[in-house]
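Going line by line, the protein sequences match chains C and A. Numbering follows our numbering, in which position 139 of the first sequence is assigned residue number 139; successive positions increment by one, without gaps. Numbering follows our numbering, in which position 50 of the second sequence is assigned residue number 1050; successive positions increment by one, without gaps.
Treat the hints loosely; a few may be bogus.
To be verified - Among chain C residues calculated to face chain A with C-beta under 8 Å, some are: (1) R252; (2) P254; (3) A257; (4) G260; (5) L264; (6) L281; (7) S284; (8) G285.
Read the hints as simulated data drawn from the structure, not as lab findings. C-beta: ideal position from N, C-alpha, C; glycine also.
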Amino acid sequence: MIPLRRWWAGTSLVGRFTAVGLLLTVVLGLLVGKATASAIRITAMDEEAQRIATIVAGRLGGLLRPEDLQGSLPPDRYAEIDRSIQGRTADTGTLAVNLWRADGTVVYSTNHASVGRHAANDDELADALTGRTARSIEPAGRADTVLRGAAGQDPVMEIYVPLMFGGSRAAGAFEVYRDLHDVDARIGAVERATAIALGTGMAVLLALLVLVVRGASRQLRTQSDDLARLAAQQEIDRRQTEFVGIVSHELRTPLTALLGFSELLLTRDVPDADRREWTALLHSGAQRLGHLVEQLLDVSRLDEGRLELGRARVPVAGAVQEALESFAALPPAHRIEQSYRGEPLEAVADRDKLVQVLTNLISNAVKYSPDGGLVRVDGRPNGSTVRISVTDEGLGIPPEEMATIFDRFHRVDDERRRTIEGTGLGLYITRQLVEMQGGRIEVYSLGPRRGSTFTVVLPAAADEAGEDDADG
Amino acid sequence: MGESDRRVLLAEDDPLLVALVRASVRPAGVELLEAGTGTEAVAIARARRPPLVLLDVGLPEMDGWEVCQELKADPATRGARIVMLTARATAADRERAAEAGADGYLTKPFSPAELLAAVMTWLPA
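With the rest of the complex left out, here is chain A (with noise of 0.2 Å):
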């Protein structure tokens, strides 16, 4: 995939949501694969294999806590970074987001500038 491989998987039901995320993440010129499920997630997840997914907790079908736990438990998925979009940062979302293996969370509402650097930090250089 080139010298760094820019691929960014977001999971997110909400168009508005999607919509703020593409445009935030612009200037990282970011390829964005879009998931509005869990299920299609975790399909895209395994048949793309991008280096990092953006995954919002409240998804359809399948959680965003499960599809985390399903990706990091599969060898083909388990290198990709998994940022959670949560909607609260209780200690037990905090504790959640351990357990499940996600490397790192955005609370909502969280800003484009955030986002933009957690997507920068975790892409692979």
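Extracted from the complex, chain C is given alone in its bound form (with noise of 0.2 Å):
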């Protein structure tokens, strides 16, 4: 069962509708089939019964005298009768012939021992005596006569046809045998062809009727795909107009810097205190540009997924340090630790997204601990992966931001935050790098001025050389 299950769960819904249907044909057929066999076969019986009894009134019937049926046959009478009764229905597949009286004594058989034998109530014989022809079907092995040329193996039709001499009852009634065998062979080969149309039959209207639902439910599909496209499309329309205006936002402001501070410097005579602090304050605004178009290709570049990644053993302790070189001029309230287990720690990764991963991870914790205090920087070995934290001791992250820190211009919004500049594109970028290397990057923090630690997660560098690119 557990392999039909499955095929079961892999299917398409048509694919179920096609199986169920095709098992409810198959079932149905039978059933259908089986009842129109046995409608069949009676239909088949009366009919064969009927043109034997044709037969043998036209044949037989101008045999016979009123006076035949008065008492026993003379000898003579009897073998004349004999005679033309076998040569009569030599052709006719019948096995045996009785004459019945009205009394119901057999006068004349074709098996001349049954001559005389009497039948207290026998229906089919009783019919016969009202004037219609009547039959039924004995098993094998039951016919009571030795019949013709048979073992009594096959089941035997006996029928009865009336002898009639005018007047609305019967003299008496012809019985005869009929070998079923070839009434069979007939009935069964129509059998087969009502089967075999009845099936094909079935069979053409389930496909039409698959063909019918496939069509729809392609329709259907082909909709609700153009309804899904059109709504994503829709969701990237609103990112973009969401994009553009906090991009321009986020432009304008150091612009904004960059023309104001140059024109004052241009326009106004002032102490070389405020020049040497304007001029510093441009150039401010004008690495806020830098970073916030670096950052922007960066996103970019990741949104069309134009950013090519390598893949090579990157010792931990290494990347960290290429990444702490950028912090040469920390604050003083600042200290940062390293630590590292599992030496030597290797992630497969590509060093420099690496770096700009940690980079950026450590410039967080740096910026939003205003107040100083300890960063530290964490590399431990975790079965098959790489963790590597960066913890701080600063502002910390509200529960409720947990979930969509990671998302595009998502900013923490927190009083103490506000001064601290930034454009929301960072840890969205930092995760895409580390997704996009095959880890993955997770969050902690206490709450609000408690701090926080990002970790990121890689596959470690197998010892095997050759494993290493299994993995991504």
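Join these two chains into a complex; the hints should help.
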């Protein structure tokens, strides 16, 4: 049942419909076939009985005279009738013929031993005496007469044909034993033809139904695909509009500072101290603009999947060292500590991108702990992965922000963060970069003012160089 | 408050722009009151009643439009002139400025000369 269940789970609605339909058709076909066959058999038997009755009545009816049925037949007459009956029924497929008198006595039989036999109450004979042709099927071995050329292994049909000499009542009846062997063969052929026709018809019907359902389902699917595409396009449009709005705002602020301070420097005659301060602010604005442009390019490359990543064994300590080089002029309130376990700790990553990820995380740790404190970088192996954590003692993250913190343009709304500049792109880019390297990023914080930990999980470099490419 | 009140409330959350506004308006000899959020801006406006407010639209907590409406609705602060600092100057923004009761607006990037001129214009003589 398991493979069947698996097949069922992995099959489309149309596939399931077809399978169930086929099964139902087979069962239904069998039932209808059986009922039809039974009806055909009865009709065919009736027709056969009628055919035999017509032949017997036509060929033997004129043979007898009313006085033949008054008493026993004289031997001469008996021999004459016997010759005629044998001669006239040889080609009809009958096994034996009896002639019954109205009182239920056999006056003639092709099996002479039966003559004089008396049937006390024979329904078919009684029927025949009222002028109707009657028939019954005798199962194999039950035929009470030894029949010509048959061993009594097949069922036989007994047909009673009334013998009329005018009037409404029959003077007697012929009883004809018909071998059902060839009749059965004929009926079987008709049954088979009917079953094939029925089966084919139902199969065609089912095929048509499947085609109709498949067509309808395809149409529905196309329509729902269209709707989904439209919704997706609308979402993209909405996000693009939002993106352009935020970017234009993010660009305008440093641009305003650049234009403003350069104008002030050009137009005002001010003391050197002011000049220096304004130049520093101008520089800071330019840096911000540069950083923003850099991040937007990253986002654009990420969104279009144009970022190409290398895969190599990267020593974690080395990557952290490289990231820390950009924090040479760290504010004195911050300390950075590193610790590593499982040396040499190596991850499978793109070295430059890993350094960028670590730089972003360390930069955030410093930025969002305005009161200073310890920033800890830990690296340790964990199964087939390497975990690199950056922990700070800073502003922390409220629980409700955890889910959205990696979203594009998301910034934690918090009074103390307000004066800390940021585009809301850093963590978005960081997560994308980590995931593109086959890793993931986790965040943990006890809450506001209680610091936070960002952990990058990357595939560990296996001892065998060949395994490096297997887990990406 | 002397013969002429030269206090200006600046509600702006970006330190770079605060520095720029501070430098720009220096020749006007104004006293700059600074607020980093919308709620802070409303609180300072109510407590100090400056005659001119420079209001950034994109403030945290309460945005600039809400601050403007609140100040214009309060009889104590209704008299203050309000100049909005907006990122865009679409027709919708201008309409919104009028609706919120703002007296004027400056579009980013604004120049220090423009800003100085606006302050000189809107400060009572």
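Going through the hints against the structure:
no. : hint : verdict
1   : R252 : holds, 4 Å
2   : P254 : holds, 7 Å
3   : A257 : holds, 4 Å
4   : G260 : holds, 4 Å
5   : L264 : holds, 5 Å
6   : L281 : holds, 5 Å
7   : S284 : holds, 7 Å
8   : G285 : holds, 6 Å
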